[in-house]
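Trainee: Protein chains in written order, with the working numbering: chain A, 1 to 112; chain B, 1 to 115.
Keep in mind that the hints are not guaranteed to be accurate.
[Said to hold, decoys possible] Simulated pairs of lysine-lysine, DSS-like, Cα-Cα distance not exceeding 30 angstroms:
#1 A:K107 / A:K71
#2 A:K17 / A:K111
#3 A:K55 / A:K3
#4 A:K107 / A:K63
#5 A:K94 / A:K107
#6 A:K17 / A:K94
#7 A:K59 / A:K94
#8 A:K59 / B:K1
#9 B:K57 / A:K3
#10 A:K59 / A:K71
#11 A:K57 / A:K17
#12 B:K57 / A:K107
#13 A:K55 / A:K94
#14 A:K94 / A:K71
#15 A:K111 / A:K63
#16 A:K71 / A:K17
#17 B:K57 / A:K94
#18 A:K17 / A:K55
#19 A:K59 / A:K17
#20 B:K1 / A:K94
#21 B:K1 / A:K57
#22 A:K57 / A:K3
#23 A:K71 / B:K1
#24 B:K1 / A:K63
[As the list claims (entries may be wrong)] Stretch by stretch, here's where chain B covers chain A in the computed footprint (C-beta under 8 angstroms, at least three residues):
#25 23-33
#26 85-96
If you're looking for bench data, these hints aren't it; they were derived computationally from the structure. Glycine included, each C-beta is placed from N, C-alpha and C at the ideal position.
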Amino acid sequence: SQKIEQNSEALNIQEGKTATLTCNYTNYSPAYLQWYRQDPGRGPVFLLLIRENEKEKRKERLKVTFDTTLKQSLFHITASQPADSATYLCALGKDSNYQLIWGAGTKLIIKP
Amino acid sequence: KAGVTQTPRYLIKTRGQQVTLSCSPISGHRSVSWYQQTPGQGLQFLFEYFSETQRNKGNFPGRFSGRQFSNSRSEMNVSTLELGDSALYLCASSPGSGGGRSEQFFGPGTRLTVL
Chain A
1 SQKIEQNSEA LNIQEGKTAT LTCNYTNYSP AYLQWYRQDP GRGPVFLLLI
51 RENEKEKRKE RLKVTFDTTL KQSLFHITAS QPADSATYLC ALGKDSNYQL
101 IWGAGTKLII KP
Chain B
1 KAGVTQTPRY LIKTRGQQVT LSCSPISGHR SVSWYQQTPG QGLQFLFEYF
51 SETQRNKGNF PGRFSGRQFS NSRSEMNVST LELGDSALYL CASSPGSGGG
101 RSEQFFGPGT RLTVL
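Chain A with its partners taken away, still in its complex shape (with noise of 0.2 angstroms):
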């Protein structure tokens, strides 16, 4: 069955450095990928999403790319700040279906 993996440990990153999350993926071929922001008690927040056919993307501090070959997705977040404390979580999608596969989430912690 189709598996998503993102670092189950928390990320300690010191502020003004640049995360890098990871989610990887095996038995699926996404479309899609997505990724969303939750803090706790709330919902996710949309950030970002990639096709298939795009090896980067960019918003803002965000940028995310997507390796259908390694079947791997990286989040950086640059010039990191507190306020980036948060869970992140991968999410991938087909056109085939009408559902989003996700991942269990990162814990992002950004000190000051």
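Based on the hints, put chain B in the right spot on chain A.
Mentor: Showing chain B alone in chain A's frame:
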């Protein structure tokens, strides 16, 4: 535009009872998805509705059901509650045709506790 709203925000029930959760999507969004989230778990897909039709259903027992109304509002129902049903239930709406190509807008969730 107003965001996705969910009611109630918190619920406490006992085993064997049933519960109905409600979700109002963003105006104009016809796709509504439901998820269950438990600590340490990713979002587990329950079902997705579009224009009152269930297009996909996750691997949950038949005790979990849902529906969507003509105004795109959606409800989900859990009958014969079990302790393991304690979770955060999230509703999300999507623009356009929904599915993997569309971003999802989430509500704040309903925190269900089964005692």
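Trainee: Run every hint past the structure and note whether it holds.
Mentor: These are the hints, each one checked on the structure:
1. A:K107 / A:K71: Since the Cα atoms of K107 of chain A and K71 of chain A sit roughly 21 angstroms apart, the hinted pair holds (cutoff 30 angstroms).
2. A:K17 / A:K111: Since the Cα atoms of K17 of chain A and K111 of chain A sit roughly 10 angstroms apart, the hinted pair holds (cutoff 30 angstroms).
3. A:K55 / A:K3: 21 angstroms, holds
4. A:K107 / A:K63: OK: K107 of chain A and K63 of chain A at ~18 angstroms, within 30 angstroms.
5. A:K94 / A:K107: 26 angstroms, holds
6. A:K17 / A:K94: Given pair K17 of chain A, K94 of chain A is violated - Cα atoms ~34 angstroms apart, limit 30 angstroms.
7. A:K59 / A:K94: 23 angstroms, holds
8. A:K59 / B:K1: 23 angstroms, holds
9. B:K57 / A:K3: 18 angstroms, holds
10. A:K59 / A:K71: 22 angstroms, holds
11. A:K57 / A:K17: Holds, at roughly 20 angstroms.
12. B:K57 / A:K107: 28 angstroms, holds
13. A:K55 / A:K94: Distance of about 17 angstroms is within 30 angstroms: holds.
14. A:K94 / A:K71: It holds: about 15 angstroms lies between the C-alpha atoms, which stays within 30 angstroms.
15. A:K111 / A:K63: 21 angstroms, holds
16. A:K71 / A:K17: With Cα atoms ~26 angstroms apart, K71 of chain A and K17 of chain A stay inside 30 angstroms; holds.
17. B:K57 / A:K94: With a Cα-Cα distance of about 15 angstroms, the restraint between K57 of chain B and K94 of chain A holds, given a limit of 30 angstroms.
18. A:K17 / A:K55: Given that 30 angstroms is the threshold and the Cα spacing comes to 23 angstroms, the pair holds.
19. A:K59 / A:K17: 17 angstroms, holds
20. B:K1 / A:K94: 28 angstroms, holds
21. B:K1 / A:K57: 27 angstroms, holds
22. A:K57 / A:K3: Holds. K57 of chain A to K3 of chain A sits at ~23 angstroms (cutoff 30 angstroms).
23. A:K71 / B:K1: Outside the cut-off at roughly 36 angstroms; violated.
24. B:K1 / A:K63: Given that 30 angstroms is the threshold and the Cα spacing comes to 27 angstroms, the pair holds.
25. 23-33: holds (count 3)
26. 85-96: Result for this restraint: holds, n = 6.
Checked against the numbered hints above, the structure violates hints 6, 23; every other hint is satisfied.
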